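Novice: Residues per chain are reported as follows:
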Amino acid sequence: MRRFNATPASGPDRIRDTPLSESTFVGAGIGAALGGLRPVVDVMTVNFSLLALDQIVNNAATIRHMSGGQFSIPLIVRMATGAGRQVGAQHSHSLEGWYAHIPAITVLTPATVTDAKGMLLAALNEPDPVFIFEHAFLYALDGELDEAAFSVDLSHAAVRKPGHDVSLITFGGSLWKTLEAATRLAEDGIDAEVLDLRVLRPLDMPTILVSVRKTHRAVVIDEGWRTGSFAAEVSAQIMEGAFYDLDAPVARVCSVEVPIPYPKHLEDAALPQVAGIVQAVHAVVGKR
Amino acid sequence: MPNLVDHDHSLELLRQMLRIRRFEEKSAELYSGGKIRGFLHLANGEEAISVGAIPALAPDDAIVATYREHGHALVRGTPMRALMAELYGKSTGCARGRGGSMHFFDASRRFYGGLAIVAGGLPVAVGLALADHLSHRSRVSACFFGDGAVAEGEFHESLNLAALWKLPVLFLCENNLYAMGTALARHQSQIDIARKADAYAIPADAVDGMDVLAVESATQRAVDVVRAGQGPFLLEYRTYRFRAHSMYDAELYRTKEEVERWKQRDPVRLLSEGLRAQGVLTDAVLDKLETAIADEIADAVTFAEASPWEPVEDLTKDVYTPGKV
Ligand SMILES: Cc1ncc(C[n+]2csc(CCOP(=O)(O)OP(=O)(O)O)c2C)c(N)n1
Ligand SMILES: [Mg+2]
Numbered sequence: 091m092r093r094f095n096a097t098p099a100s101g102p103d104r105i106r107d108t109p110l111s112e113s114t115f116v117g118a119g120i121g122a123a124l125g126g127l128r129p130v131v132d133v134m135t136v137n138f139s140l141l142a143l144d145q146i147v148n149n150a151a152t153i154r155h156m157s158g159g160q161f162s163i164p165l166i167v168r169m170a171t172g173a174g175r176q177v178g179a180q181h182s183h184s185l186e187g188w189y190a191h192i193p194a195i196t197v198l199t200p201a202t203v204t205d206a207k208g209m210l211l212a213a214l215n216e217p218d219p220v221f222i223f224e225h226a227f228l229y230a231l232d233g234e235l236d237e238a239a240f241s242v243d244l245s246h247a248a249v250r251k252p253g254h255d256v257s258l259i260t261f262g263g264s265l266w267k268t269l270e271a272a273t274r275l276a277e278d279g280i281d282a283e284v285l286d287l288r289v290l291r292p293l294d295m296p297t298i299l300v301s302v303r304k305t306h307r308a309v310v311i312d313e314g315w316r317t318g319s320f321a322a323e324v325s326a327q328i329m330e331g332a333f334y335d336l337d338a339p340v341a342r343v344c345s346v347e348v349p350i351p352y353p354k355h356l357e358d359a360a361l362p363q364v365a366g367i368v369q370a371v372h373a374v375v376g377k378r
Numbered sequence: 193m194p195n196l197v198d199h200d201h202s203l204e205l206l207r208q209m210l211r212i213r214r215f216e217e218k219s220a221e222l223y224s225g226g227k228i229r230g231f232l233h234l235a236n237g238e239e240a241i242s243v244g245a246i247p248a249l250a251p252d253d254a255i256v257a258t259y260r261e262h263g264h265a266l267v268r269g270t271p272m273r274a275l276m277a278e279l280y281g282k283s284t285g286c287a288r289g290r291g292g293s294m295h296f297f298d299a300s301r302r303f304y305g306g307l308a309i310v311a312g313g314l315p316v317a318v319g320l321a322l323a324d325h326l327s328h329r330s331r332v333s334a335c336f337f338g339d340g341a342v343a344e345g346e347f348h349e350s351l352n353l354a355a356l357w358k359l360p361v362l363f364l365c366e367n368n369l370y371a372m373g374t375a376l377a378r379h380q381s382q383i384d385i386a387r388k389a390d391a392y393a394i395p396a397d398a399v400d401g402m403d404v405l406a407v408e409s410a411t412q413r414a415v416d417v418v419r420a421g422q423g424p425f426l427l428e429y430r431t432y433r434f435r436a437h438s439m440y441d442a443e444l445y446r447t448k449e450e451v452e453r454w455k456q457r458d459p460v461r462l463l464s465e466g467l468r469a470q471g472v473l474t475d476a477v478l479d480k481l482e483t484a485i486a487d488e489i490a491d492a493v494t495f496a497e498a499s500p501w502e503p504v505e506d507l508t509k510d511v512y513t514p515g516k517v
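Taken in order, these protein sequences are the chains called A and B. Here the first sequence is numbered in the working numbering, starting from 91 and rising by one per residue. Here the second sequence is numbered in the working numbering, starting from 193 and rising by one per residue.
Worth flagging that the hints you see were computed from the coordinates, not collected in a lab. Quick caveat: nothing in here was measured; it's all calculated off a predicted structure. Accuracy of the hints is not assured; some may be wrong.
Unchecked claim - No farther apart than 30 Å at their CA atoms in a straight line, the calculated lysine-lysine pairs in the BS3-like style are these: (1) A:K354 x B:K227; (2) B:K455 x B:K388; (3) A:K354 x B:K218.
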C-alpha cells in the first residue's frame, strides 16, 4: 500500500499545501464542501487531527441534521493512524474508534491496496463526511490492485479468510497480524474465520452475526486501548445479537492502557501481536 | 564579527556548538546502524540558538522545547550519557528511554520536553509562567518552537493570553524558513514573524540565528524584560537547517545552492573564523576541543550500549502517580 501521490498535473489551485493550521484547514474543508466543492483534506496523521476535533465534532458532524437537512457536507478527511514505528506516545495514537463514536460521519479503515484506492474513489460519491484512517504500517506493504478497486462498497465487512471454529474480527493494520495468527492457528488445528470490518461506521453487524452464529466464538482485535475501544462496541453488539449462539464469552485483544513507549520491546508489549491473538483464541476455543 | 573580547567565553560557545554538532552526527550514524529508531530531527545549522540562548536563563527558569531539542538539553546540562541512552531507548535515559529523540525530559533542570505536536508547548509554557506569577516567583518560562508553529491557533492564543495576564513567558521562535517541506512564504502571509507580536502588544525582536554572540545578547535582553515583570517577549531567531527535516526527505522543496549559501553562514564556521582571525583559535586549540568532545561522545555511546532496557513488567509503571490507584 502506498500513500496516494497527487500529481502536480492537477494544479496548485486544486492541490494545496497548507500552513500547520489543522483546525482551520479542516474547518475550511467543511466550508468548501458547504460551498459546493468536494474537498479531500489530508491531515497527515490522526495525532494531528486532534487539533481539528472541534471542527469535526461540532461542525462536520452536526450541520446536516441540525439544519433540518438543508446543508450537506461532502467532505473527505484522510489520515494515517496507528503505532508500531517507534515514534513515541504523541505520534502513535489509534483513535479511529473514537471517531466511530460520532454519528453523521462515515469511518473507513482500508487494510488492503484495493480498499485504499477503492474506498477513496467510492468516498468521492458520498454526500456526507467520510473519514479514512490508513494504518501507517500498511504504507510499506505491497499488494495486487484488484480491478474491483473502482467499485468497492462502503457498507460491508469482508471475510478475508473463511473458517468454522472461531471468528476473528478486526480492521486496519491489525488485519495482517490477525491473518498471520489464523495461519498459525491452522497449524494447531483451529480453523479461524477472519473478518475485516473495513467500515467502522456504519458498522456491518449482519455480516459479523452470520459469522458468529456459524463459529459460536469471537475474538475482536483492535489496536485501540481496551477501555471504550471499538472492540468493546463490537463485543457488546455480538452479545446483544448472538448471545445464545455463543459457546464462550467474546474476547478482545487490544492495546495495553499506556501511552505508547519508544523502545521496541515496550512498544511491542503494548500493542496487539500475533502471539497474543493466538493465545486469546486458544483460551476461547478451549472453553468448548 | 562582533566583540570577541572574552576569549574564554567565545571558545566555550564554540565548544558547545561543536558538542551538539558532533553529538548529532554520531546520532545520525547510529540511526543508520539501527541503534536509534523512530524519528530523529537534527538541528544541524541551528546550534547557535540553543548555545546562545539557554545560558541566558537561570537554573530555575523553565524550558519547553520541540522534537528538535537535543542541543537544548545538552546546553541545559543534562549529561550526554542520559541523552544518548534516551536515543537508544535505554532505561538510563533522561526519560527512562520511553520518549526517545523527540521527548527529552529533565525535571531537575526544569526541562519540560521534548513535545512533538507542533505548537503544543506554547500553552504549557504559559501555564508554567502562570504558576510562577501566582506564586510570586520571578522565574522565566522559555518556549522554543519553529516557524511552522506560528500557523497554529495555539501560537496566537498563547501570545494573547500571556500578554493579557502579563506572564513571564519568553517565546523563542526558531525560524529555519521551512516547516518540513513548506517554505515560510508558502505558509505565512506575513513572513516577518517578530511583527506578529504587535497584534498582542508584546515586545519583540529578530536576530541573526547563525551568529551565536548576537543570539546571546538578544536573548539576554529579552530575558531581562521578562524577568522584570513586564510580561512576555517574542524573539525570532533567523536560522537554517542544513539536513533533512527528519533523517531522510527528498529535499525537493529547496535547491542545493540555497543550502550551500546558508552553509557559508554556518554558525560554527562563523565563530571559528572570527576566533582564528583574532588568533584565539589555532589548530591545536581546535584539536583539543574536538578530542575532548569525541571522548565525551564515545563515553556516552559506551554507556548507552551497556545500559539495560526497562523491564517489560514496568510497561504500565508511571501511568498514574503511585498511591493513587
Ligand atoms: C500539529 C502538528 N501537525 C503536524 C505535525 C507534523 N510535523 C512535525 S514537524 C513539522 C514541521 C514543523 O515545522 P517548524 O515548526 O518550522 O519546526 P522545524 O521542524 O522547522 O524545526 C510537521 C508538519 C506535528 N508534529 N504536529
Ligand atoms: Mg521550521
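Novice: Against each hint, give a clear statement of whether it holds in the structure.
Specialist: Now the hints, each set against the structure:
1. The hinted pair formed by A:K354 and B:K227 meets the criterion: a straight-line CA distance of about 11 Å does not exceed 30 Å.
2. About 28 Å separates the Cα atoms of B:K455 and B:K388, which keeps this hinted pair within 30 Å; it holds.
3. A threshold of 30 Å between alpha carbons decides the hint, and for A:K354 with B:K218 the separation of about 21 Å falls inside it, so the pair holds.
Every hint, counting from the list given before, is met by this structure.
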